[in-house]
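Visitor: Let chain A serve as the given structure and place chain B on it in line with the hints.
Here the protein sequences line up with chains A and B, keeping their order. When you number the first sequence by the UniProt record's numbering, it's gap-free, plus one each residue, and the end is 159. When you number the second sequence by the UniProt record's numbering, it's gap-free, plus one each residue, and the end is 184.
It is worth saying that the hints were derived from the structure and are not from the lab. It is possible that some hints are incorrect.
[To be verified] Here's a subset of chain A near chain B, in silico, CB distances under 7 Å, partners left out:
{"#": "1", "residue": "Pro-49"}
{"#": "2", "residue": "Val-63"}
{"#": "3", "residue": "Asp-66"}
{"#": "4", "residue": "Ser-90"}
{"#": "5", "residue": "Gly-93"}
{"#": "6", "residue": "Phe-95"}
Ideal Cβ positions, reconstructed from N, Cα and C, are used throughout, including at glycine.
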Amino acid sequence: MNMIAKWVVFLAFALFAVSAMATPVDTYEFKSADNQKRALSLSHQLRCPQCQNQNLVDSNSPVAHDLRLEVYKMVDNGKSEQEIIDFMTSRYGDFVLYKPKLDPKTYILWLGPFGLLIFGLFIGYIFVRKQRIQPTEAGSLSAEQQAELDALLNKNKAK
Amino acid sequence: MKKFVLFIPLVIFLGMGVFLYKGLFLNPKVLDSALEGKPLPAFQLERLEVATDVLSEKDLSGKVSMLNFWATWCPACKYEHPYLLMLSKRNLLPIYGINYRDERALAIKELRNQGDPYTLNIFDKDGRLGLDLGVYGAPETFIVDHNGIIRYRYAGPIDQTVWSQTLYPMIQQLQTEAKADGAS
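Just chain A, same shape as in the assembly (with noise of 0.2 Å):
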């Protein structure tokens, strides 16, 4: 009975995960199934400036449907992907790279994680080091103290 309900669940999950994949339908016909592998991969690394948590091929906004038109268009009249990316920050601005140039802007955002990287690194550093030289001063004894020592140690090889 158990195991049926867990199937119940697990087949309502499935029903929703497929229609939660559907994405809008576009009939274009590509020069060549290269074209057409190119241009998806380039879609999907756009960003709707509509819906914007949404890159153009997931998006169903107008504004997305056309670009995606045009992304494919240029691949298919053999433009680079560099001049397709050029085209589309010209008029919507970077803000439509899901991947981020790397320039003065954004420096802090590329290079922010290897410097705190390093800072933490170095914050550790310190305190492993500050930690090895405690046990030496710790460990060095007065003389009475190191008598005192020596006599139980003895006592317990006598022992």
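Guide: Positioned in the frame of chain A, the structure of chain B alone reads:
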């Protein structure tokens, strides 16, 4: 020195806090236009009322003007329409209407019924000019200076606040610039 080091995490935390708190109030829908400072793109489009009449960017240049993208399917355009009508009566600057991804008959009917605030009506059926201008939804308004350079893009309906706080001061400044250049 040691005490100061202990405060570093707090300083970083406060810095991030201020940064992120400000981020909460940013409107993600406000995008910088990539076209500010660039000339108006070339186009060849039909006049809305007369299909045989072809208009180009040359029909617009010469004065500080406003380009307004609108459509009958767009509720926010209906909202800003009365305000545009009022502006057109004040005769401050040419307002060019670009009917964006719409149907000609519907658009003509709409202007006949609601009034026509536009100096010139351009019919951009396929949204080609819209695409070249980076339009992502109607209504959008561009301010173009007397040299045909795009100076400002505003996405959303125009109302009293936007007009008096943002658009009109900018238009007045551009008109002074135009006068200094000797254009009307």
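Visitor: Now tell me, hint by hint, if it's right for this structure.
Guide: Hint-by-hint comparison with the structure:
1. Of the supplied interface hints, the one on A/Pro-49 holds, with its beta-carbon coming within about 4 Å of a beta-carbon of chain B, less than 7 Å.
2. At its closest, the beta carbon of A/Val-63 sits 5 Å from a beta carbon of chain B; the interface hint therefore holds under the 7 Å criterion.
3. Restraint check, A/Asp-66 versus chain B: the minimum CB separation of about 5 Å is within 7 Å; hint holds.
4. Proximity of A/Ser-90 to chain B holds as hinted, the smallest CB-CB distance being about 6 Å (cut-off 7 Å).
5. Contact between A/Gly-93 and chain B, as hinted, is supported at the beta carbon level, the nearest pair being about 4 Å apart and thus within 7 Å.
6. Look at A/Phe-95: its Cβ gets to within about 5 Å of chain B, closer than 7 Å, so that hint holds up.
The structure shown violates none of the earlier numbered hints.
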